[in-house]
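**Q** Could you put the whole structure together from the sequences, leaning on the hints where they help?
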Amino acid sequence: MRGNRIRVLLLEDDPLDAELVKRAIHDADMQMELHSVTRVAEATEALASQHFELVLSDLSLPDSDGSETIARLRQAAAEVPIVVLTSVDDRDLDVELLDVGAQDYIPKDRVTGDILGRAIRHAIQRQEQLVETQRLLCEVKDARDLLESKNSKLEKLYNQAHEFVDNVSHEFRTPLTVIKEYASLVCDGLAGEVTEEQTRMLNIVEDRADDLNTMVDDMLDSSKLGSGLLGAWRKPCNVSEILRHVKSTLSRKARVKGVQLLYELDPDLPELYCDAEKVGRVITNLAVNAIKFCGDPGTVRIMVSTTLDNPDVIFKVEDNGPGIDESSLQQIFERFQQLGTTSRGSCKGFGLGLAIAKELVDLNFGRMTVESEVGKGSAFQFSVPKNDPLELMERYLLQVDHETECPPIVSLVVARIDSTASDITDDGIDGFLNYLLRRNDLLLQGADGEWFLALPTDKQEVQKYFQRSQQAWEDANRNRPFGPLPRVDYQWLGSWRIPEDNGLILNEMAKHVIHQEVACV
Amino acid sequence: MNATKTCMTPSTQPTPGYQRTPTILCIDDDPDITRTIELRLSSYEVDVLRNFTGMQGMWQAVQQKPDLIITDLRMPQGDGEHLLESLRRNQATAGIPVIVLSGQKGEQVENHVRRLGADSFLQKPLHYQDLINEIRMYVELRETE
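Here the protein sequences come in this chain order: A and B. For the first sequence, numbering that gives the first Met the number 0 assigns the number 520 to the last residue and increments by one with no breaks. For the second sequence, numbering that gives the first Met the number 0 assigns the number 144 to the last residue and increments by one with no breaks.
Just so you know, these hints were derived from the structure itself, not from any lab. Predicted model only: the values in this text are computed from it and were never measured. Beta carbons are placed, not taken as given, at the ideal position from N, Cα and C, and that holds for glycine. A portion of the hints provided could be inaccurate.
[To be verified] Some, not all, of what chain A presents toward chain B, calculated at C-beta under 10 Å:
{"#": "1", "residue": "Asn-166"}
{"#": "2", "residue": "Ser-168"}
{"#": "3", "residue": "His-169"}
{"#": "4", "residue": "Glu-170"}
{"#": "5", "residue": "Thr-173"}
{"#": "6", "residue": "Pro-174"}
{"#": "7", "residue": "Leu-175"}
{"#": "8", "residue": "Thr-176"}
{"#": "9", "residue": "Lys-179"}
{"#": "10", "residue": "Glu-180"}
{"#": "11", "residue": "Asn-212"}
{"#": "12", "residue": "Asp-308"}
{"#": "13", "residue": "Asp-474"}
{"#": "14", "residue": "Leu-505"}
**A** This is the structure in structure tokens:
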């Protein structure tokens with residue numbers, strides 16, 4: 000409390016009661032300066048023109064009555080504490096008085112120096128605290144507003160940056176297409192005869208155009224990986240399909256460099272569950288590096304193998320180059336980790352390609368390793384999981400557990416379509432369900448028009464997913480020339496905490512998977 | 000490339016024995032893109048029409064009813080999305096198969112254009128053999144003698 004005299008405004012029309020209060024104040028032995036008025040109108044005037052630390056007020060006045068008096072005083076001075084002097088008739092008003100903004104009340108028949116002094120001190124203290132709390136709340140609100148506006152600005156910048164990268168890469172691809180196609184057209188003799196030397200040169204043009212295209216891919220991927228925007232379209236696929244898409248680029252590159260490119264594949268490789276395009280990019284990046292660094296005469300081997308008890312298929316890209324010494328190997332792996340955090344300068348020929356390859360392998364729940372011996376060559380190896388829903392779910396749960404942005408909750412949903420009612424293959428719906436996926440969601444294809452969906456959210460968020468799905472389904476059917484998408488029915492299986500409930504989630508999955516296998520038989 | 004082929008049926012299956020030359024309309028704001036496609040197709044019995052904006056391409060599609068449309072996505076004056084929507088809304092063109100050829104990448108873009116009514120999605124830079132294979136899904140390509 001301030002050391003100066005406390006200025007108190009007394010609002011009391013009964014001269015006897017006023018005298019009583021004055022005496023009590025005197026008894027309270029407090030340094031007070033009392034200013035007496037008899038009407039609310041006078042009081043509001045006084046409050047507007049002077050500073051008071053406290054208002055002591057009667058309720059029944061010539062120009063106001065009951066809680067209205069307090070409300071009017073509050074309006075006149077929002078921050079001055081008010082202590083009400085109540086008479087016997089006002090007892091019922093207690094709570095209401097506090098509601099309209101009084102700090103305290105004292106029955107007139109109990110006004111003594113002690114009680115009044117304490118009430119005044121408390122009221123002033125309480126009011127000070129209230130003002131402080133309000134000030135703090137305001138500060139918090141301001142800080143939050145500032146943060147929100149900064150956030151939305153950042154988000155805007157972030158989106159702009161991505162749009163920019165998208166645009167730039169699009170702008171790159173059109174001239175690249177033209178360069179490649181004209182080179183290829185001339186090379187194929189569609190513009191007249193070409194000599195062997197010219198063919199060789201045109202092949203180099205095409206090869207370099209491919210390099211540029213890979214760089215554009217890398218740039219795009221790294222910008223998305225760094226910000227976690229790169230999604231994956233994982234589905235059952237086979238090794239030969241993946242290799243088919245990368246072979247033409249790689250064989251041209253090998254031909255241009257005079258490198259022997261060999262493929263060694265185990266017979267009967269099982270089905271994988273991955274984003275085929277991304278696995279293709281990993282092979283391309285590793286093989287392009289191998290072709291660049293292999294010996295003379297150069298040989299690059301791409302090997303794909305697995306064993307029955309291995310849950311993964313292993314891809315290996317081996318060269319007969321100079322090899323990498325141990326300290327550089329360490330460096331390579333450090334660079335793997337740097338992706339998305341710091342600037343990435345070129346590390347002695349190991350560009351962005353390797354770092355991205357590692358990230359793309361992670362995205363498919365695989366692992367990447369490197370072995371190398373100086374003078375003999377290097378072998379980069381990565382794994383891609385086989386199509387086993389339980390194993391994939393287990394790896395997914397581990398990934399979500401490591402992801403700090405995810406809440407430790409996973410919900411499991413089954414999506415079903417009536418596969419007999421529609422002759423549309425699952426591809427349409429698979430694409431649709433994939434379209435709805437967000438970061439850290441997992442979609443697993445079950446048998447016979449069934450999909451498993453794991454979402455790192457609680458039940459409430461799952462409801463939002465259903466709404467989003469419904470909206471997207473309606474949008475999708477607006478423009479389909481080949482008839483509507485089949486209706487998707489969702490069943491929420493439950494939400495669990497991870498990692499403690501991982502076992503329960505896998506059990507729930509197992510029930511459905513086994514049920515399906517039985518159904519398949 | 001993720002082009003899905005399974006659920007699509009050619010809307011204009013040529014009648015056996017009928018030797019009509021199919022027409023393909025190529026739309027891209029970059030004339031060199033449509034020119035290279037035209038050159039590629041010069042060794043096949045096919046008429047290639049070229050156009051450079053989505054808007055004019057739409058008109059040409061309505062008037063000349065090509066057997067197949069190959070279009071870019073980002074173009075000034077009527078982009079590919081607008082073109083797809085217009086094609087699907089117009090009775091005369093609703094059934095014409097469309098191959099989208101885009102520099103944009105990723106399953107989100109692919110899904111989006113499929114949703115708008117595209118039948119196939121190919122990415123630039125393209126291997127011409129992929130394009131020929133894709134075209135063959137919708138029109139019969141005979142090599143010129």
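**Q** If a hint holds in the structure, say so; if it does not, say that too.
**A** Evaluation of the provided hints:
1. Proximity of Asn-166 of chain A to chain B holds as hinted, the smallest CB-CB distance being about 9 Å (cut-off 10 Å).
2. Checking Ser-168 of chain A against chain B: minimum C-beta separation of about 7 Å stays under 10 Å; hint holds.
3. The beta carbon of His-169 of chain A comes within 4 Å of a beta carbon in chain B, closer than 10 Å, and the hint placing it at the interface holds.
4. Interface restraint check for Glu-170 of chain A: the shortest CB-CB distance to chain B comes to about 7 Å, inside 10 Å, so the restraint holds.
5. Because the beta carbon of Thr-173 of chain A sits about 5 Å from the nearest beta carbon in chain B, less than 10 Å, this interface hint is met.
6. Annotation: interface hint on Pro-174 of chain A holds; nearest CB of chain B at approximately 8 Å, less than 10 Å.
7. Given the 10 Å rule on beta carbons, the hint for Leu-175 of chain A holds: about 5 Å separates it from the nearest Cβ of chain B.
8. Hint status for Thr-176 of chain A: holds, given a least beta-carbon distance of 4 Å to chain B, under 10 Å.
9. Using the Cβ-Cβ criterion of 10 Å, the hint placing Lys-179 of chain A at the interface with chain B is satisfied: the shortest such distance is roughly 5 Å.
10. Hint on Glu-180 of chain A holds. Least Cβ distance to chain B is approximately 4 Å, under the 10 Å limit.
11. Because the smallest distance between the Cβ of Asn-212 of chain A and any Cβ of chain B comes to about 6 Å, under 10 Å, the interface hint for this residue holds.
12. Annotation: interface hint on Asp-308 of chain A violated; nearest CB of chain B at approximately 32 Å, more than 10 Å.
13. Restraint check, Asp-474 of chain A versus chain B: the minimum CB separation of about 7 Å is within 10 Å; hint holds.
14. A hinted interface residue such as Leu-505 of chain A counts as satisfied when its beta carbon comes closer than 10 Å to some beta carbon of chain B; here the least separation is about 28 Å, so the hint is violated.
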